Amino acid sequence: MTIAARNQEAVRGKSTMLSHTGDERKSITIFGLPLIWFGVLTAVTLVSMYTGNLPGGMIGSLLVMMVLGELLGWAGDRLPIVRTYLGGGAIVAIFGAAYMVYADLIPAATVTMINDFMTTGGFLDFYIAALITGSILGMDKEVLVKVGLKYFIPIFGAVIGAVIVAALFGMLVGFSLADAVLVIAMPIMGGGMGAGAVPMSQIYSELMGNTPGYYISMLVPALALGNVFAIVLASVLNIIGKKRPSLSGNGQLLKGFEFKEKETPFDIKKMGIGLAIAITFFALGGLLAGLIPLHAYALMIIAVAVAKIAGWLPERVLEGANQWYKFVAKNWTFALLFGIGIAYTDLETVLAAMTIPYIVTVLGVVLGAVIGAGIVGRFVGFYPIESAITAGLCMANMGGTGDVAVLSAAKRMELMPFAQISSRLGGALILLLAGLIIPLLF
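Going letter by letter, the sequence shown gives residues 1 to 442 in my numbering.
For the record, the hints were derived by calculation from the structure and aren't laboratory data. On a predicted model such as this, the values are computed, not experimentally measured, just so you know. Just so you know, not all the hints are guaranteed correct.
Unchecked claim - Computed cross-link-like contacts, BS3-like style, restricted to lysine-lysine with a CA-CA straight-line distance of at most 27 Å:
(1) 411 x 242
(2) 255 x 243
(3) 411 x 255
(4) 242 x 150
(5) 269 x 141
(6) 242 x 146
(7) 411 x 146
(8) 255 x 269
(9) 150 x 269
Go ahead and model the full structure; you've got the sequences and the hints to work with.
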């Protein structure tokens, strides 16, 4: 090859390299948008928010939650240590939002608006309704029957493991058995704030004296810190599942019944049917809760499962529910996690609990739940990783909000129905146990 030819080849190679570099730069996307266009969305959102011109209600709330949630989630999924061991985008979206509130980086009016949208506005319920309905109706009927009959066994394993390990860790660092079990383990395993810590404080008040507020101040830090550890361990379990494939069903709970979902083309009309069926089942759960003393989510799960097993719903409805669930999970998960950080995560409470003995004992509770659920789940035919995540970590997190964060960190959102069983029915079990244990320890 002549010198001139070599020079031409070098120029071509350099130009190709520059072209590839440019293509890679252009290929960076957030929320499926090129970086420059996502930057435009972010700029409009921030200027509207800080100048007080943000639209009210659902529009303004969803805009801030989607844009900032996707931005934090994108960053968290790319931070080396965070994405591998600390929950990735899920934990960054939650605690990034909580820090922004803590540091007064978000205007008070926006915080109030998002808080209202998440709580009284029902966005969390809307999201969970889609996931429960779509994932159950898209599940294989035989798997659903076999899992449902066995699922409470690993929940008991999680509770026993959590109490034993918490008691051991707690006594090693100076806590009494009563404090380790009642003040730390029980609220963490109790199904969140509204269904767990609040009624638990009433039980403690009636059986031990003092006001419910006194016990709430003791229970909330355990609940908040346990939720953090649950999210982190969900990410760790996902890694273990990749390295030890025999322990994981990659989102399937029951061994020997791996269900490959039938791929159907996305249909806008079917998704509309899915939306309608999700909110109808949610309303049905509320109606049944007025007649049966169980949480509306638990009754909704039962109603959806019965409809699926009995074959009452046509294929078009099943497909629509599954497609709507995928749309919601794909597009609104980081938005919801950001909202959870705003409305449900008090960073000051979490930081106040950061003493070494307290941290060690809380970690013991969550580890015990994982070990107990994983081991017992394996004995009844479940994959240990999925059993540890659903029956273990979803008992040890902050209820419905924690379920979303844990399953997002574990990359297993399809397990939401089982997570909700753990949070709702499992939480009711803990309240019963708390009432039985108190007379034994006092």
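Each hint, compared with the structure:
1. 411 x 242: holds (11 Å)
2. 255 x 243: holds (18 Å)
3. 411 x 255: Roughly 19 Å separates the two Cα atoms, so the pair holds.
4. 242 x 150: holds (25 Å)
5. 269 x 141: holds (25 Å)
6. 242 x 146: holds (25 Å)
7. 411 x 146: Since the Cα atoms of residue 411 and residue 146 sit roughly 23 Å apart, the hinted pair holds (cutoff 27 Å).
8. 255 x 269: Violated: residue 255 and residue 269 sit about 35 Å apart, past 27 Å.
9. 150 x 269: The hint is violated at about 36 Å.
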